[in-house]
Amino acid sequence: MNAKQRDRVATVIIDLIVAAVVGILLFLLVYILSAGLPHVSWKFITGASDPMSGAGGIGVQLFNSFYLLVLTMLISIPISLGAGIYLAEYAKDNWRTSLIRSAIEVLSSLPSVVVGLFGFLLFVVKFKMGFSVISGAVALTFFNLPLLTRNIEESLSAVSRSQREAGLSLGLSKWKTEIGIILPVALPGIVTGVVLSAGRVFGEAAALIYTAGQSAPVTNFSDWNPMDPASPLNPMRPAETLAVHIWKINTEGMAENAAQLSAAASAILILAVLLFNLGARLLGNFLYRRVTASK
Amino acid sequence: MEQTNLQLNKPDSQTNEWDARLHHATRATREDWAGRGISYLCIGAIILVVASMLWFISSKGIATFTQNHVSVWKFLTGTNWAPDTGHIGAAPMIVGSFAVTFAAAIVATPFAIGTAIFMTEISPNRGRKLLQPVIELLVGIPSVVYGFIGLAVVVPFMRHLVGGSGFGIISATFVLFVMVLPTITSMTVDSLRAVPRYYKEASLALGATRWQTISRVILRSATSGILTAVIFGMARAFGEALAVQMVIGNAAVMPKNLISAASTLTSQLTSGIGDTIDGTLPNNALWSLALILLLMSLFFNALVRFIAKRGQLKHER
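Top to bottom, those sequences are chains A and B. Quick note: the first sequence, position 52, residue 52 per full-length UniProt numbering, numbers continuous. Quick note: the second sequence, position 231, residue 231 per full-length UniProt numbering, numbers continuous.
If you are wondering where the hints come from, they were derived from the structure by calculation, not from laboratory data. Given the structure is predicted, the values throughout are model-derived calculations rather than measurements. Don't take every hint at face value.
Some chain B residues judged to face chain A by a derived CB distance under 7 Å, without partners named [to be verified]:
{"#": "1", "residue": "32"}
{"#": "2", "residue": "42"}
{"#": "3", "residue": "50"}
{"#": "4", "residue": "115"}
{"#": "5", "residue": "145"}
{"#": "6", "residue": "206"}
{"#": "7", "residue": "207"}
{"#": "8", "residue": "211"}
{"#": "9", "residue": "239"}
{"#": "10", "residue": "241"}
{"#": "11", "residue": "277"}
{"#": "12", "residue": "278"}
{"#": "13", "residue": "280"}
{"#": "14", "residue": "299"}
{"#": "15", "residue": "301"}
Ideal Cβ placement from N, Cα and C applies to all residues, glycine included.
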């Protein structure tokens, strides 16, 4: 076999590999949607599930997933914004900064089950808060912070130097320059990152099993007082999310139709993640056009 | 001279005003202090989280050895895991974790490199447009969904193919392969793209075919980047919990072959920690497993740094 033939063979093999990878993704999507969507109904999406077998609807779980997502984002966006600004603007290039960066790297590479166990140890065991929405939201924040911080830092650093100089030469403080000039320009990138991380948070289960818990007590959806124990907004109640629900019915559930149930729930989860991905792209592009006035 | 005198003889009130302006912080400076304070606070919070995470898990994890006086060596090499009766040999889980990690990395790496080559060298425009979303979607699929598909498709398939229950290392490998594929691919793409253009041009100008250029120039100069990518993939496989737990069978015995039920550190943790009582030996033993996970994660981190540093040196020389 001469060099040219070898070249052709290698190209064919690479083409086959790519086809296999694309095929795997298509199979996954088609399988989940075709196995799950026929079992999805309005009653399934809004109904309550049986606390023992897990059979029935996913209404409470779906609400819990969104509620946890909103709480997590409320906690993690301000912190990672501050941390991102620190790294992009104030951090000097010295050993302290590199230590901080390694700490963030370590946090981002920790397995999510370890993050969840830490949340369990701190909130459920030490602070005796029990399995609760707030424990889950903080555990998800730990899991979310490093990625969001890095994304914000990269978006801020990507803004051209001349914008910074323009702000400073107008006599604005560094902080004002960062908030008033750099942040708006970096916003499209930041929003894309936030929405993508929202998708990740939405599908996360390992960090939640022992923090937000594995039970979804039926809540009274007409009671919106967060202090009330039966209210869906009460941050101290246990809150099984959709992803945890899928894990639970597959490993411990007694439901007879566990396969259909989890296929349907997986289909909903996948659709949500697809929407987040698509939304990130569209929102990012839209904001980019608005901010830069380019077409 | 006259003028200087005049200035020196300014009325007191004006001198004071100048003095005040020059010696006190302006609004902008105060704003900057506040902003600096806020950003320091945020980064401090993150550092605090990392430090307390390391501290808490380490102190819980070593309780097995300091309070229950189990020898570290026995814990790491013992093959009998029955915490209720006091036998805590973690070797089955350690072997299981490493087996699925290496197997997944070995299967995924050729696919990842092939895909990355396609995206950067063979069809940079069309390939990228098609494959970038594919990779992002593969990353986006939640791990419980991977676990469910593993349970619904891979396990019955293996049962059909080789008999037995279908649960085991090979099924876990299949699932992890798909999960680490996007991680390794996207990082390999980055490292292939970082190869200087003139390397490729020089090779092609010498009359090398595209494959010769790819295999002997591009892949070789991107080796340290690809190695980093593989290690990141392995770190993800090592720490993945639910998808593995759903398909591996969770039997805490030494894996005899690839098709019998086994368990990993993560699978044992997720299925066990809720059933044990805080402070008892079975509970402490599980925290020791968590400590191993933590240490391995730190090890993967250090390894990536080491490779990056060596790669840098080679380029500078």
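Going through the earlier hints one by one, which of them does the structure break, listed in rising order? 6, 7, 11, 13 and 14
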